[in-house]
Amino acid sequence: MKATNARDEILSAADRLFGEQGFENASTRHIAELSGVNKALIHYHFKNKDALFEAVLDRYYQRLNTLLLETLTRPGNLRDRLHRLIEVYSSFLAENHNFSRIVQRESAGGRHFDRIRDHLVPTFKAALEMMQKEFPNSRGGDLAAYQLLISFYGMIIGYFTFSDMVAHLVGRDPLSAEELSARGRHLKRMADIALDALVAPAAPADTPHLVNKDRKVKGGST
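Count along the sequence shown from 1, then add 210; that gives the number in our numbering.
Source of the hints: derived by calculation from the structure; they are not laboratory data. Honestly, I wouldn't trust all of these hints.
Claimed, not checked - Simulated crosslink set (EDC-like; lysine to aspartate or glutamate; CA at most 20 Å straight-line):
1. K259 to E280
2. K398 to E280
3. K257 to D218
4. K259 to E230
5. K257 to E234
6. K257 to E219
7. K343 to E280
8. K257 to E339
9. K259 to D218
10. K343 to E264
As the list claims (entries may be wrong) - Simulated restraints, written as ranges between beta carbons of each label pair:
11. H253 to Q231: 14 to 22 Å
12. A250 to R289: 29 to 37 Å
13. G364 to Q231: 19 to 27 Å
14. A250 to M375: 19 to 27 Å
15. M375 to G286: 34 to 42 Å
16. Y254 to G286: 19 to 27 Å
17. A392 to E339: 27 to 35 Å
18. F372 to K249: 44 to 52 Å
Cβ atoms here follow ideal geometry from the backbone N, Cα and C, with glycine treated the same way.
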């Protein structure tokens, strides 16, 4: 087996076991068995299990962040770019189911939290700046851009992380082509609702002094 092929086989086996068992429970011995290599070869390519885990994360994020940043910076209006962003992110998670599980585990206090943070922050900041520039109303309030981005992040990644539970809740395969298409339409509709609310004119505030005046007239002088 060529060195480059061996490294890829190790990464693929580690990806599978880290996704199924988590970092702590997945052993380098099992990874070696699954990848069909000698355990020593793992330590040749990767210093230790932590380095192997980080290489799995880096491989995911290098592809994902490239896709997301290309989508964010492409020509076109923001609505179309956000729709495309939903498509790209959802497709990536559908094709890489272990990724969402790995990220969720580590984000909940795992030892590789900092690695995930360092990958997420630049893309999140780019999306945040884009929204705040396009929609000044999103710089604060109930529709603050950071709140919307966190909400959509949760709606997208949570669907794939908990797909087994979703299947029991709705009695359907959430990862079928039909359900993924329906999920995409739903997310785009939610994005449209949020964007429409950001550009809608503010409702006129109540004028208590006028309301009180009307009540006084109706009630007479008594």
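These are the hints, each one checked on the structure:
1. Restraint check for K259 and E280: the C-alpha separation of about 32 Å exceeds 20 Å, so the hint is violated.
2. This hinted pair checks out: K398 and E280 have alpha carbons roughly 19 Å apart, not beyond 20 Å.
3. This hinted pair checks out: K257 and D218 have alpha carbons roughly 16 Å apart, not beyond 20 Å.
4. With a C-alpha separation of about 16 Å, the suggested pair K259 and E230 falls inside the 20 Å cut-off, and the hint holds.
5. Restraint check: the Cα-Cα separation between K257 and E234 comes to about 17 Å, which is no more than 20 Å; the hinted pair holds.
6. In summary, the hint linking K257 to E219 is supported, as the alpha carbons are separated by about 16 Å, within the 20 Å threshold.
7. Between the alpha carbons of K343 and E280 the distance comes to roughly 18 Å, so the proposed pair stays at or under 20 Å and holds.
8. As the CA atoms of K257 and E339 are separated by approximately 38 Å, the hinted pair breaks the 20 Å bound.
9. Proposed proximity of K259 and D218 is supported: the alpha carbons are some 15 Å apart, at most 20 Å.
10. Note on K343 and E264: the hinted pairing is violated, with a Cα-Cα distance of about 34 Å set against a maximum of 20 Å.
11. About 20 Å separates the C-beta atoms of H253 and Q231, a value consistent with the hinted range of 14 to 22 Å.
12. For the pair A250 and R289, the beta carbons lie near 53 Å from each other, so the given range of 29 to 37 Å is not met.
13. At about 24 Å, the CB distance of G364 to Q231 agrees with the hint of 19 to 27 Å.
14. At about 40 Å, the beta-carbon gap between A250 and M375 misses the expected band of 19 to 27 Å.
15. In this structure the hint that M375 and G286 lie 34 to 42 Å apart at CB holds, the actual value being about 36 Å.
16. Separation of Y254 from G286 is about 46 Å and departs from the stated range, judged on CB atoms against 19 to 27 Å.
17. With their beta carbons about 32 Å apart, A392 and E339 fall inside the hinted range of 27 to 35 Å.
18. As the Cβ distance of F372 to K249 is approximately 34 Å, the hint placing it in 44 to 52 Å is violated.
In this structure, the hints that do not hold are numbers 1, 8, 10, 12, 14, 16 and 18, in rising order.
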